[in-house]
Amino acid sequence: MTVRADAPRFLFVGDSMTVGRAGDFTWRHRMWQHLEATLGEGGYAIVGPRTGLYDPEADAPVSTAYADPSFPAPARRHLAGWGEGWLHMAPVIEEAVTRSGADVLLVSLGLIDLGFYTDSDQTAVNARAFISAARAANPRVRLVLLPVIPNVRAESDAPFADSCARFNALLAEAVADLDTPASPLLLAAHPSGYDIHTDTYDGTHPGPSGEHKLAATFAETMHRAWSLGGPYAPELVPELAL
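With my numbering, letter number 80 in the sequence shown gets 677, and the count goes up by one each step, no holes.
Estimated spans, in silico, between C-beta atoms of each pair: (1) Ala755 with Val659: 33 to 41 Å; (2) Gly698 with Asp759: 38 to 46 Å; (3) Phe713 with Ser824: 33 to 41 Å.
Simulated from the structure, these hints should not be mistaken for laboratory data. From a predicted model like this one, the values you see are computed outputs, not experimental measurements. Quick reminder that beta carbons are idealized off the backbone N, C-alpha and C, glycines included.
With the hints as constraints, model all of the structure from the sequences given.
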């Protein structure tokens, strides 16, 4: 497939919710379907240095066992990792953008940082460093940032729930502070109707309905703000069309 020179080049950046594990469709797959339906062949590219899913047995991102075996290899590209967060992605995003030519970053990070690595303030510092590094590679890069979706731990761990809420407030501040006409930033909304008890398989990682809702919030955010793509089609989201 020949991609038009002016076509957007999407890079998915995320943690375990984005990379997925062996047997998953992933929300990246749902977004690929959406881009195919709205931008068409040659109207976009999906880029990135990785393609694999996390394999629990190998404890490594070496699986190619996507739930849809027809998911094309070029569309499987990403920069996501099981157990990786802003802390890990900030040092590598400049090279990833440079090498891939990415100009639209769809980013879902933070839960793993707050759960294991950094407090909300340091996580926000790392998010700002990530944005700066992405812009060093491409001064006109566009970013859509998803706030942290508190997982099942937040239901019984009040300090963790507070940390998620504080980081989300700090992320909103960063978007407001750093947004520019040349390199716009968008803060995506919490996915509509997202319920960790029905849209995930373990209280954290999205199942099929959750994958659709994650893709939908990115798609709708880009469409409303930038007229990029189109609305997330109800026929591709049976869980939302009920």
